[in-house]
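Undergrad: In order, the protein sequences belong to chains A and B. Counting along the first sequence from 1, when you hit position 18 you're at 23 in my numbering, and nothing is skipped either side. Counting along the second sequence from 1, when you hit position 117 you're at 668 in my numbering, and nothing is skipped either side.
Derived by calculation from the structure, the hints in this document are not laboratory data. Keep in mind that a hint or two might mislead.
Restraint-style ranges between C-beta atoms, simulated for each label pair [what the hints assert, rightly or not]:
#1 A:Ile60 <-> B:Met596: 45 to 53 Å
#2 A:Asp8 <-> B:Ala705: 36 to 44 Å
#3 B:Gln902 <-> A:Lys38: 23 to 31 Å
#4 B:Thr839 <-> A:Asn65: 19 to 27 Å
#5 A:Met66 <-> B:Lys954: 48 to 56 Å
#6 B:Asn715 <-> A:Ala37: 43 to 51 Å
So these bits of chain A aren't anywhere near chain B, every CB distance computed over 12 Å [what the hints assert, rightly or not]:
#7 Asp8
#8 Leu13
#9 Ile17
#10 Ile19
#11 Asp27
#12 Leu30
#13 Ser35
#14 Ala52
#15 Asp56
#16 Pro63
#17 Glu71
#18 Ser85
Since this is a predicted model, take the numbers as computed values, not measurements. From the three backbone atoms N, C-alpha and C, an ideal C-beta is built for every residue, glycine too.
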Amino acid sequence: MTDKATVLPRLIEIIEPFNKKDIELNADTSFAKDLELDSLTVMDLVAEIEDEYDILLPVNMLPDLETIGDVAGAVAKIKSA
Amino acid sequence: MSDTSDMGDESVPARPDLFDKFDPLVAQYDGLIASGHRDPFHLQMDQILSPTRAVVNGKEIILVGTYNYMGMTFDPDVIEAGQKALAEFGAGTTGSRVLNGTFQGHAECEAALREFYDMEHAMVFSTGYQANLGLMSAIAGRGDYIVLDADSHASIYDGCAMGNADVVRFKHNDVADLEKRLKRIPEGAGVLVVLEGVYSMVGDIAPLKEMVAVAKAAGAMIAVDEAHAMGFFGENGRGVFEQAGVEDDVDFVVGTFSKSVGTVGGFIVSNHPKFEVLRFVARPYVYTASLPPAVVACSATSIRKLRYAYDKRIHLWEASRHLHRSLREAGFTLGTDTAQSAIIAVKMPDQETSARMWAALIDEGVYVNMVPPQATPGLHLLRCSLCADHTKEQVEEIIARFKRAAATAELPLEI
Ligand SMILES: Cc1ncc(COP(=O)(O)O)c(C=O)c1O
Numbered sequence: 006m007t008d009k010a011t012v013l014p015r016l017i018e019i020i021e022p023f024n025k026k027d028i029e030l031n032a033d034t035s036f037a038k039d040l041e042l043d044s045l046t047v048m049d050l051v052a053e054i055e056d057e058y059d060i061l062l063p064v065n066m067l068p069d070l071e072t073i074g075d076v077a078g079a080v081a082k083i084k085s086a
Numbered sequence: 552m553s554d555t556s557d558m559g560d561e562s563v564p565a566r567p568d569l570f571d572k573f574d575p576l577v578a579q580y581d582g583l584i585a586s587g588h589r590d591p592f593h594l595q596m597d598q599i600l601s602p603t604r605a606v607v608n609g610k611e612i613i614l615v616g617t618y619n620y621m622g623m624t625f626d627p628d629v630i631e632a633g634q635k636a637l638a639e640f641g642a643g644t645t646g647s648r649v650l651n652g653t654f655q656g657h658a659e660c661e662a663a664l665r666e667f668y669d670m671e672h673a674m675v676f677s678t679g680y681q682a683n684l685g686l687m688s689a690i691a692g693r694g695d696y697i698v699l700d701a702d703s704h705a706s707i708y709d710g711c712a713m714g715n716a717d718v719v720r721f722k723h724n725d726v727a728d729l730e731k732r733l734k735r736i737p738e739g740a741g742v743l744v745v746l747e748g749v750y751s752m753v754g755d756i757a758p759l760k761e762m763v764a765v766a767k768a769a770g771a772m773i774a775v776d777e778a779h780a781m782g783f784f785g786e787n788g789r790g791v792f793e794q795a796g797v798e799d800d801v802d803f804v805v806g807t808f809s810k811s812v813g814t815v816g817g818f819i820v821s822n823h824p825k826f827e828v829l830r831f832v833a834r835p836y837v838y839t840a841s842l843p844p845a846v847v848a849c850s851a852t853s854i855r856k857l858r859y860a861y862d863k864r865i866h867l868w869e870a871s872r873h874l875h876r877s878l879r880e881a882g883f884t885l886g887t888d889t890a891q892s893a894i895i896a897v898k899m900p901d902q903e904t905s906a907r908m909w910a911a912l913i914d915e916g917v918y919v920n921m922v923p924p925q926a927t928p929g930l931h932l933l934r935c936s937l938c939a940d941h942t943k944e945q946v947e948e949i950i951a952r953f954k955r956a957a958a959t960a961e962l963p964l965e966i
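For reference, chain A alone in the conformation it holds in the complex:
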């Protein structure tokens, strides 16, 4: 089963290499405000998440995914669809 709680720890592992500011990562961490990722880095990160779960995260969905928790929720929803 894939729910938000099981996705979250693995998602944080995937995001860790992008954590250039070495901050603590949790469900509330914001990609723009806390991690300060630029658009090119976001694209690389999205590709890694897509490959890990063998899914598509469409570009038009990204503005709604502000925090790591949002992404975990979206991944869980797509996987269980």
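Based on the hints, put chain B with the ligand in the right spot on chain A.
TA: Just chain B with the ligand now, with coordinates in the frame of chain A:
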């Protein structure tokens, strides 16, 4: 109304100035100007002497950044057709293509395009930007997928943003990445893959044969934007898709009149039997005025001549390859290993050097594009585009001036 900030009207809630969000950009621009350089984004051409020569501040310069690939802007037949249409049909149409804005010239222009591409349908828009907006926003609806190259032109991205389809990006020119993403699209969903023949940032071309094969195998429809390839790729000048031999597999070709055709306007051509319905559902076609009569007359004449412009094609390729090879030998760092198109992008180490080099080139009498950093994140580019009308002597001059400008701008060369 004057400044009311100190009137303290309690009934009006305080709100931020909507322009505050642009402060970082304004600061960046102000920094550029304060460093004492010319302003690369507000250059004024006082006179245009030919497709390759202009006058700026009383001084003649060679134009090497116009996308005027085939030099049609001053073609005598093109000018004559425009003058005749201006006299006979007036200055403008004052109307949409679907109301009073379709004149004989628009129909003529669409006929010229059908002939040029050997396709059943052609639709002329007011710009290429709008042609992409129209196609992307109209044909892919909710539940459909648009799959596009990460380096796609802004008009393709903006068209997607106007529509309701799910938008999926693949890595620039990466066939395996495209294939992987196509495999993840749910069964039963409609799919449009959007490609470009030539990518204008560094002038590289797409591996269309391989990409089209992968897209076809996934059952997708395919659109190719040939904005920077029309006129000089392929036997008939149709574009990279003609050169790659995939004409029968491409569903839509998007193009512009603002480059090789030498005017302004955009178009889509297609063999799809239901294509004409786009005239009702593509909002950027319906809700804007059509091109002026002189513009469509110039365009139709130019398109008809482009088909047979074999000598110009050969000359443009020679000039592009020669400039690329010479700049490379002189130690400049270029966007591609060989000349893949008539765009030659010169990489700069940083924004500051880029501005200095651009200004030194203007002082030497050479205009190139300084690509705004927002358009190419992580890259600082000075972009040259060649014209079939650049003479051998002009190309030698451009090379010599690039070398002198690099010395003035203290641009490190790798020799
Ligand atoms: C790939 C591509 N598509 C579309 C356009 C838009 O063309 P137009 O200038 O006709 O709006 C351009 C030009 O900037 C382009 O480079």
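Undergrad: Which of the listed hints are not met by the structure?
TA: 6, 14, 15, 16
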